[in-house]
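**Student:** Following the hints, put chain L in place on chain W, whose structure we already have.
Chains as they are written, first to last, in the working numbering: chain W, 1 to 307; chain L, 1 to 288.
Honestly, the hints are just simulated from the structure, not real lab data.
One should not assume that every hint holds.
Taking CB as the label site, the calculated pair distances span [unchecked claim]: (1) 110(L) to 162(W): 31 to 39 angstroms; (2) 127(W) to 98(L): 21 to 29 angstroms; (3) 220(L) to 60(W): 36 to 44 angstroms; (4) 163(L) to 60(W): 18 to 26 angstroms; (5) 172(W) to 68(L): 27 to 35 angstroms.
The C-beta atom is built at its ideal place from N, Cα and C for all residues, glycine as well.
Single-letter residue listing:
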Amino acid sequence: MLTAATIEVENLTKRYGDVEALRGVSFSVGEGEVFGLLGPNGAGKTSTVEILEGLRTPDGGRVSVCGLDPQTSGVEYKYIIGAALQSTALPDKMRVREALDLFGGFYPRRRGAAELMNRFGLEEKRNAFYSQLSGGQKQRLALAMALVNDPRVVFLDEPTAGLDPQVRHEIYDIIEELKKEKKTILMTTHYIEEAEKLCDRVAIVDHGKVIAEGTPSELKKRSGAVTRITVRMARPETNGALNTLEGVTECRTEAEDYLLYSTRVPRTIVALVKHLEEQNNELVSLEIAAPSLEDIFLELTGRRLRD
Amino acid sequence: MSRMRLAMRNRAFLFFSLIMPLAFLFIYAGIFGRGRAQAVPYLLAEVLALTVMGSFWGLSVQLVTFREQGILRRFRVTPVGASAMLASSLLSNYFLTLPTIAIEFFLSRSVFHMAGLGNLISVFILVTLGTISFASLGLIVASVTNTMQETQIINQIIWFIFLFISGVTIPFPMLPGAVQAFAVFLPATYLVSGLQRAMIDHTGILDLGMYAASLIGCALIAFLVAAQLFRWDPEAKAPRRAKLWAAAAIIPFLLLGAWETFNGDLRAHAMKNLQSIREPYSLERIDH
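Pulled out of the complex, with its shape left as it was, chain W reads as follows (with noise of 0.2 angstroms):
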């Protein structure tokens, strides 16, 4: 799958006034990878992102991107990107039809618009003004104008932020779609299963430093393959007996909810059972889960990536 990186970030930093966003982020993304960057905002990840894009300029590191440095390769790299900006905004009275024509006529090599708004479905849109879309057309729209050129490598920030659950599942639809085009796509996320479902590999940012970086799977056996029962009981546990059931690594409570890391799982769950028998205490729920990347962001941070 490596063939050749494509995205090559080293040691980049960045800081605004007092703030250091980045505090040496490294990575790299193969062709035609899909690599996500995953973090709760304000780790930087936009602030990779605008690097790559040429928005913003680095305070140090280098990037570059299929050789090209994007301060300094001016046009010639602005014809190999495309990018959905976090939040791609548009004159309110341009149409969907002439946004497309718009941005297309900047470059030498192009697609139509008529494929492309077929192809996110906007054919019926054509002729509305931006202003009149909904947050999931604008979104496609931002989605069609980052292929317009039909780039090598696309960036997608925050691709399906502040959509809803479906119009967030034809977004995704999409990028699976251009995925198969092997198009090298760099996206930012803060949604665990975007980023489990549609990234080839992840690199897991928090306060400006990448902590963990892999193909999913891996992360998760990195983790140590704890599994995570999510227990609700009629009365409050006090006394941490929790943490010495039998196969519980770790034990922490949220809310209501205690959260069991066990690396045996039915022993667990047998000890519980009984120890909830002794106690006189009832089971309200009990939700077993394999880890996610959330876990093992919660287990790096000790935070959850959601406030």
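**Tutor:** Coordinates of chain L only, in the frame set by chain W:
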């Protein structure tokens, strides 16, 4: 092209660039001119100048809106550079101004019975240069201001200076001497006076060389400065240095104003222009 279509859909733009100048035309020609055909060329020249100066407003407001809404950032990812971006604004604005100019001529002829059309070549050249100059000045204001509010305030101040002491509303010879001395440093003054001479005396463009040259100088410097100061990002604030750069745009007018003060004939011409509508006014107050 696309910019033009956008502008057509913008009501504020239509107001400033079409309806306002036409309203001035009717007020000027109908009330001040009292419907007398021989006064029309003088008044039409003022209306033409107003139309041209209107570009100053439209473009700066549009650019700041685009920047504040983050629209410019999306363009920055494309191969379009700052100069191309600005040049496209200037061109679309120019092509939208021309029809208004044509309508103004048409109405002057048909409704107010203006005789002749003045020196159309001179008018065309002055309108072209003027539109580009004033639009570029607007682009500079857009680049040195950080918010729409700031833009509006600066625009208002500059606009009122242009409006009241360039001769476009109050005839130049009626301004107090000190104000006149200041007015010869304004690009608007040359535009107004040049257009009046072209309309009234059918003055050829060669005889308006100084006026044309000053507008070319203004357009060039203003465009270069605007391109230099251009900002894509709403977050990036205008640096102090930018305001100094902006000052460079007035250099040609400092030179021209100085020249005019010592050797010029602008005042004499302005007086002569005004005399073309002399009768209905009482001009005893003006001493020369």
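**Student:** Run every hint past the structure and note whether it holds.
**Tutor:** Hint-by-hint comparison with the structure:
The hinted range of 31 to 39 angstroms is not satisfied by residue 110(L) and residue 162(W), whose Cβ atoms lie roughly 55 angstroms apart. Look at residue 127(W) against residue 98(L): about 27 angstroms separates their beta carbons, and that is inside 21 to 29 angstroms. At roughly 39 angstroms, the beta carbons of residue 220(L) and residue 60(W) sit within the given window of 36 to 44 angstroms. Restraint check, residue 163(L) to residue 60(W): a C-beta distance of roughly 51 angstroms breaks the suggested window 18 to 26 angstroms.
Taken as a hint, the range 27 to 35 angstroms holds for the pair residue 172(W) and residue 68(L), whose Cβ atoms sit roughly 32 angstroms apart.
Checked against the numbered hints given earlier, the structure breaks hints 1, 4 and satisfies all the rest.
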